[in-house]
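Residue numbers (the numbering used here), protein chains in the order written: chain H, 1 to 264; chain L, 1 to 238.
By construction, these hints were calculated from the structure, which means they are not laboratory data.
Heads up, the beta-carbon is just placed ideally off N, CA and C, and yes, glycines get one too.
Pairwise CB distance ranges (calculated):
| hint | chain 1 | residue 1 | chain 2 | residue 2 | range |
| --- | --- | --- | --- | --- | --- |
| 1 | H | Glu247 | L | Pro25 | 39 to 49 Å |
| 2 | H | Asp176 | L | Asn218 | 47 to 57 Å |
| 3 | L | Lys10 | H | Glu34 | 44 to 54 Å |
| 4 | L | Asp21 | H | Gly26 | 39 to 49 Å |
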Amino acid sequence: MGLEIMDDVKRDYVYNLVRGGMREDGRGLLDYREIKLETGVIKKAEGSARVKIGNTEVIVGVKLGLGEPFPDTPDKGVIITNAELVPLASPEFEPGPPNEDSVQLARVVDRGIRGSEAIDLGELCIEEGEKVWIVFIDIHVLDNDGNLVDAATLGAVASLLNTRIPNERYGLTGKDTLDIQERPVAVTMVEIGGEILVDPSYNEENAAASGLTVIFNEDGTISGMQKYWSGSIGEEEIMKMVEIGAERAEELRREFQDQIKTGG
Amino acid sequence: MKEEGIELIKDGKRLDGRGFDELRPIKIEVGVLKRADGSCYFEMGDNKVIAAVYGPREMHPRHAQDAKMAVLKYRYNMAPFSVEDRKRPGPDRRSVEISKISREALEPVILKEYYPKTEIDVYVEILQSDAGTRTAGINAASVALADAGIPMRDLVSSVAVGKIDGEVVLDLNAVEDNNGEADMPIAMIVRRNVITSLQMDGRMTKDEFKKGLKLAMNACRQIYELQRTALIERYSEM
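Looking at chain H on its own, in the form it has when it is part of the complex (with noise of 0.2 Å):
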């Protein structure tokens, strides 16, 4: 219960910080924290990168594995998006299923990667109604400073950019690498005191009423969108996040670009 209290002392401080410009790591209230990715680092996995935004850190899997495709969709692969917000990553997480938070993030990520078709499903049918790639992206949180929702984000985009189809060991022949065809990124705003800031930390979600996600393309074109928490957010306000959204996707796209080439 003392974490209540303290949780209560931070939101005040974090609040009267933004009423005057400020944040509690010196950012301007636009800012992203500093991104560091690092690919393929679990070899037992198809694909994987472990992302930090700031303090934040999340590590993503893809595994694939053979299964039947859904009967509507007889001829395309399956995407499969878990989180697991596991104890270790920070006080309030539990252990036990899934609960609402965990569902939420991996649903928002999934959101992002099968609305702008990053993955071509096509690719990945192996025998028509009966036999397909089923493409596991599993999120792990290491350490919740906030905004996890952009971390996995980016984090699960890098996964499937270094993902290897393991044929040999369903004894196929094929190639290898997966069609990406779309790189989303997801940017993350909150609203404290009528002001807007990108990429909060742990403690200004804390503080704040309401956020939002919006996911964008290449061509700035937007494949996903989610609205957080009990607050209520004006018509202006919105688009104002979509507007600000729209530039710092584009910021964050370069830094992803420059450290996938540089091998992460």
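Once you have looked at the hints, place chain L on chain H.
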């Protein structure tokens, strides 16, 4: 996902004859359940949903109580027979997420601080589904909360917009949703002109998003009037 050759818009009209900015027919009945403290039956096109509210009542387990305010709970549940392919009973990831965002959509209007240590339960059952069930559920729940006499700042109204055949249109039905390019459900507090829920799935440009948001907000204003009228009619009968 689009079926080969299916045309969703012909001569400026949609398959069911609606224009781009037209809602499906809506029917609202208030106080339809005997045991619940408040209830509402809501039809939107071929969607049929029913919402019940219980409480405020003592919250169990007690350690989950909030000493300062009531705890709002929301359960969105699809009947197994509500969709083409039988839905396996029980919660799945989709319904967990919808329950969460629906609860958050309603929370801003509820004066939870009036009832510390209690819970308010909202149960939404989807009896027949034809796209947009989460928005129909929020509309029904909002009226059911008012019917239960829960002190509220206002009602919440909800609708989805989407993109079909390259056009931004209001309130997709299932054929449009399955063959469309994007879907965006929102919820709104009409008299304060603020959004309490927003999701988007699929692909839209920034301009399409802006157009869609305006379209949805206007439709929420229409739904709000229907919700209000239904409540007034119900209580002027008595």
